[in-house]
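For reference, the chains in residue letters:
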Amino acid sequence: MRRATKGRIKACTAMALLAFWASAASARNQQDSAAVAAKQAKEAKTAQEAREPKETANETVEQVTRLLRDFLAAVPRSDKQVFDHFFADDVIYTRSAGVTVDKAGIMKNVDVRAANEPQATYEADDITVHPYDHLAIVNFRLVMHNTVNGRQETAYFRNTGTFLKRNGKWQVVAWQSTRVPEQPGDKRAG
Amino acid sequence: MIRSRNEVTSMRSVLMMLRDFLAAVARGDKQVFESFFADDVIYTGSTGVRMDKAEIMNSIGVHAANGSKATYRAEDITVHAYDTMAVVNFRMVMDDENEGRRQTAYFRNTGTFLRRNGQWQVVAWHATEIPTNS
Numbered sequence: 046m047r048r049a050t051k052g053r054i055k056a057c058t059a060m061a062l063l064a065f066w067a068s069a070a071s072a073r074n075q076q077d078s079a080a081v082a083a084k085q086a087k088e089a090k091t092a093q094e095a096r097e098p099k100e101t102a103n104e105t106v107e108q109v110t111r112l113l114r115d116f117l118a119a120v121p122r123s124d125k126q127v128f129d130h131f132f133a134d135d136v137i138y139t140r141s142a143g144v145t146v147d148k149a150g151i152m153k154n155v156d157v158r159a160a161n162e163p164q165a166t167y168e169a170d171d172i173t174v175h176p177y178d179h180l181a182i183v184n185f186r187l188v189m190h191n192t193v194n195g196r197q198e199t200a201y202f203r204n205t206g207t208f209l210k211r212n213g214k215w216q217v218v219a220w221q222s223t224r225v226p227e228q229p230g231d232k233r234a235g
Numbered sequence: 267m268i269r270s271r272n273e274v275t276s277m278r279s280v281l282m283m284l285r286d287f288l289a290a291v292a293r294g295d296k297q298v299f300e301s302f303f304a305d306d307v308i309y310t311g312s313t314g315v316r317m318d319k320a321e322i323m324n325s326i327g328v329h330a331a332n333g334s335k336a337t338y339r340a341e342d343i344t345v346h347a348y349d350t351m352a353v354v355n356f357r358m359v360m361d362d363e364n365e366g367r368r369q370t371a372y373f374r375n376t377g378t379f380l381r382r383n384g385q386w387q388v389v390a391w392h393a394t395e396i397p398t399n400s
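Top line first, the protein sequences correspond to chains A and B.
For the first sequence, this note's numbering assigns the number 46 to the initial residue and increments by one for each residue that follows.
For the second sequence, this note's numbering assigns the number 267 to the initial residue and increments by one for each residue that follows.
Next comes chain B alone, as it looks inside the complex (with noise of 0.2 angstroms):
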């Protein structure tokens, strides 16, 4: 497949903010979270909830206070590079540790990523929890 160098320009920002974003989560970084996300994001988490901007925000304090230690990678990565935006779906792997033993839990996810004033934002997540057993 032959890209232009502007879609493999947004590929490689698109790729480059989510592994930032990510490797930020565990610390809850919540300037990272606050430029990843754009203020009209529409968020879906695995259980099927929707929340806003503000309802993500607030959520990092959740996590941080529930003292997880959960780390979180990228694999199985799709970009679709559209001029000022971009599709990109990945596998999300969640390594946790409870009560002394690892647990590892895998997530699909879709993210809409918009340019806007130069900015890649997100402007559309969507997270759903792959079952162990496939």
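Isolated chain A, as found in the complex (with noise of 0.2 angstroms):
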């Protein structure tokens, strides 16, 4: 909004100098447009770069969904390698319970799921990756498919993962879980 009202008032007061500057205008406006039209033209490369990565997005998506996909495959190995490697040293976690942990939480809970839930497999659907430049963003359904006294139960979680690619390498800088309810209901605000 604010920026509105300046928009407005840098209009007005073009207005006001360009009525007062009358003999001089048409020299001068051919100078400024000239000027607005080369920094236009650099903004739009510039906005051009962003959203064109130097790999194509179609690569991006690829790579991330497959470290996505391979490690939700390793999870019940309990492979603290694989976790070392997916998430970053400065990652934020955030569990599905609302608490947030750094790396070394992340991986003193490798052993604590190993013990709680020893045969959980994890798969993923419902992915969506926007990719840009050296970030990508990852939104998927997680599967968790679990085997409780003897029977089989399955729960849903919704997961957004934030990949950062530095010196060539994607990991995750973010992530976050919520579980999703049988029959979702209400949006509210969260």
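Calculated directly from the structure, the hints in this document are not laboratory data.
Incorrect hints may appear among the rest.
[Unchecked claim] FRET-style restraints, in silico, Cβ to Cβ:
| no. | chain 1 | residue 1 | chain 2 | residue 2 | range |
| --- | --- | --- | --- | --- | --- |
| 1 | B | I343 | A | E104 | 33 to 39 angstroms |
| 2 | A | N194 | B | N272 | 53 to 59 angstroms |
| 3 | B | G384 | A | A159 | 44 to 50 angstroms |
| 4 | B | K335 | A | N154 | 35 to 41 angstroms |
| 5 | B | M282 | A | T199 | 40 to 46 angstroms |
| 6 | A | T110 | B | D318 | 16 to 22 angstroms |
| 7 | A | T110 | B | T344 | 23 to 29 angstroms |
| 8 | A | K153 | B | V328 | 36 to 42 angstroms |
| 9 | B | N272 | A | E104 | 37 to 43 angstroms |
| 10 | B | G294 | A | E168 | 36 to 42 angstroms |
| 11 | A | N154 | B | D362 | 30 to 36 angstroms |
| 12 | B | M282 | A | A159 | 40 to 46 angstroms |
| 13 | B | N272 | A | R158 | 36 to 42 angstroms |
[Claimed, not checked] Pulled from the structure, derived: some chain A residues nowhere near chain B, Cβ distances all over 12 angstroms:
| no. | residue |
| --- | --- |
| 14 | V155 |
| 15 | D156 |
| 16 | T192 |
| 17 | G195 |
[Unchecked claim] Which stretches of chain A does chain B cover? Using the computed rule of at least three CB atoms under 8 angstroms from a CB of chain B, they are:
| no. | stretch |
| --- | --- |
| 18 | 140–152 |
| 19 | 171–177 |
| 20 | 180–187 |
Beta carbons: idealized from backbone N, C-alpha and C, even for Gly.
If you follow the hints, you should be able to join the two separate chains into one complex; please do so.
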């Protein structure tokens, strides 16, 4: 809103100046137009560069989707090296219980998960990836299959991961999970 | 921890945006939502439902129609700034009133901000309700 007001003030000021400097306006306007056009072209080029990664968007989508699927397949093995590679050292991870942990907390939980849910397996569906230069947002539904007291159970979680590419390597810098109720209801704020 | 000037500037920018946004949510100010969320944002609400920008914008009207008097604030904020993007994690406190009784709910949120053409906007947002007993 502030920007809109500023824009209006700028427009009014520009109009007043144009009226006052009528005789000299023509030549200066041509220069101004050229400057504005050059600026717009530069901004458009910057925007284009921001949207178009050096490797194609499709490659980024393929890479992070593969990373995600490989990671989920490896989780039941509780291989700490896999977790260590997947999550960046500065990751911010929020569990479905609303608790936020750092990398050390994730690594500590590998053994806890293995002890509590030794038979659980994980897969991803309904995956959306938005690639940006060295950043990719991945949103998906995590499906957890588990066996509890001999009974098969399935739970669903909506997850968002933020992948960042540094030194040629994609890693997760943010992750959050929310349990999906069997019948999602209201879209209340949160 | 030593931070670069760019990092500090980015952190300040997104923190200011976050506080302005939360203050504006209660007013249901569509212009603030419009500039806060990028057109390609992926938003996951605390019920696990994913929304796009159009659905976020529609939900503003729903809140207003419900006569919600809720106010929102952020605490326990962490910002990790990287060049043209930043990750913000915080606990959102929602104060509401129901039949004359004050109610407070807590949500852990993560937002990913991206700077394009000099403007910071949210490209991913995810909320998880924190159970009251935790």
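These are the hints, each one checked on the structure:
no.: 1; hint: B:I343 x A:E104: 33 to 39 angstroms; in the structure: holds (34 angstroms)
no.: 2; hint: A:N194 x B:N272: 53 to 59 angstroms; in the structure: holds (54 angstroms)
no.: 3; hint: B:G384 x A:A159: 44 to 50 angstroms; in the structure: holds (47 angstroms)
no.: 4; hint: B:K335 x A:N154: 35 to 41 angstroms; in the structure: holds (39 angstroms)
no.: 5; hint: B:M282 x A:T199: 40 to 46 angstroms; in the structure: holds (43 angstroms)
no.: 6; hint: A:T110 x B:D318: 16 to 22 angstroms; in the structure: holds (20 angstroms)
no.: 7; hint: A:T110 x B:T344: 23 to 29 angstroms; in the structure: holds (28 angstroms)
no.: 8; hint: A:K153 x B:V328: 36 to 42 angstroms; in the structure: holds (40 angstroms)
no.: 9; hint: B:N272 x A:E104: 37 to 43 angstroms; in the structure: violated (28 angstroms)
no.: 10; hint: B:G294 x A:E168: 36 to 42 angstroms; in the structure: holds (39 angstroms)
no.: 11; hint: A:N154 x B:D362: 30 to 36 angstroms; in the structure: holds (33 angstroms)
no.: 12; hint: B:M282 x A:A159: 40 to 46 angstroms; in the structure: holds (43 angstroms)
no.: 13; hint: B:N272 x A:R158: 36 to 42 angstroms; in the structure: holds (38 angstroms)
no.: 14; hint: V155; in the structure: holds (21 angstroms)
no.: 15; hint: D156; in the structure: holds (22 angstroms)
no.: 16; hint: T192; in the structure: holds (23 angstroms)
no.: 17; hint: G195; in the structure: holds (28 angstroms)
no.: 18; hint: 140–152; in the structure: holds (count 6)
no.: 19; hint: 171–177; in the structure: holds (count 3)
no.: 20; hint: 180–187; in the structure: holds (count 3)
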